[in-house]
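Trainee: Sequence:
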Amino acid sequence: MLENEYMNAPMTKEEVESFGYENMMMEQSKRDRRVWEQSELGKQYVLALNQVYMESDVSELGFDEIQKIIQERIKEMNK
1 MLENEYMNAP MTKEEVESFG YENMMMEQSK RDRRVWEQSE LGKQYVLALN QVYMESDVSE
61 LGFDEIQKII QERIKEMNK
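With our numbering, letter number 46 in the sequence shown gets 46, and the count goes up by one each step, no holes.
Honestly, the hints are just simulated from the structure, not real lab data. The structure presented is a predicted model; accordingly, all values stated were derived computationally and were not measured. Among the clues, some could well be false.
In silico DSSO-like links for lysine-lysine, alpha-carbon gap of 27 Å or less [claimed, not checked]:
(1) K13 / K30
(2) K79 / K68
(3) K79 / K43
(4) K75 / K13
(5) K75 / K43
(6) K43 / K68
(7) K30 / K43
(8) K13 / K79
Estimated spans, in silico, between C-beta atoms of each pair [stated by the list, open to error]:
(9) K30 / K75: 23 to 33 Å
(10) S39 / F63: 19 to 29 Å
(11) K79 / N8: 34 to 44 Å
(12) Q67 / R34: 46 to 56 Å
(13) M11 / R31: 49 to 59 Å
By construction, the Cβ of each residue, glycine as well, lies at the ideal position given by its N, Cα and C atoms.
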């Protein structure tokens with residue numbers, strides 16, 4: 001990246017306030033998205049889990065094997 005004399009210039013009060021506000025909004029957006037993703041993934045997880053239970057007996061499988069099957073089902077559903 002090329003540097004110039006403006007890159008080292010101090011920020012004005014307005015720039016600092018704007019930067020702080022932008023960071024705050026970005027963090028809020030990340031939190032909102034994380035909650036939404038967890039919600040959507042939770043819905044997909046339950047749906048895939050029910051499909052796994054309906055199609056085969058997984059009672060003898062361990063948690064990791066069930067997770068793998070569920071992840072494969074989710075990938076299939078998202079295609």
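Trainee: Given the proposed pairing of K79 with K43, does the C-alpha separation stay at or below 27 Å?
Mentor: Holds, at roughly 17 Å.
Trainee: Do the Cβ positions of S39 and F63 conform to the proposed distance bound of 19 to 29 Å?
Mentor: 22 Å, holds
Trainee: Between K79 and N8, is the Cβ distance one that fits in 34 to 44 Å?
Mentor: 50 Å, violated
Trainee: Is 46 to 56 Å a correct range for the gap between the Cβ atoms of Q67 and R34?
Mentor: This hint is violated: roughly 20 Å between Cβ atoms.
Trainee: K30 and K43 were given as a pair; does the straight-line alpha-carbon distance stay at or below 27 Å?
Mentor: 20 Å, holds
Trainee: Can you confirm whether the C-alpha distance between K13 and K79 stays at or below 27 Å?
Mentor: 49 Å, violated
Trainee: CA of K75 to CA of K13, is that 27 Å or under?
Mentor: Violated. K75 to K13 sits at ~48 Å, over the 27 Å cutoff.
Trainee: Sort out whether K30 lies within 27 Å of K13, counting only the CA atoms.
Mentor: Holds, at about 26 Å.
Trainee: Decide if the proposed pair is consistent with the structure: K75 and K43, CA atoms, cutoff 27 Å inclusive.
Mentor: 14 Å, holds
Trainee: Between K79 and K68, does the CA-CA distance stay at or below 27 Å?
Mentor: 17 Å, holds
Trainee: Just to be sure I understand the hint, the distance between the Cβ atoms of M11 and R31 should be within 49 to 59 Å; is that true here?
Mentor: 26 Å, violated
Trainee: A range of 23 to 33 Å was offered for this pair. Does it hold for the Cβ distance of K30 and K75?
Mentor: 25 Å, holds
The structure fails hints 4, 8, 11, 12 and 13 (numbered hints given earlier, in ascending order).
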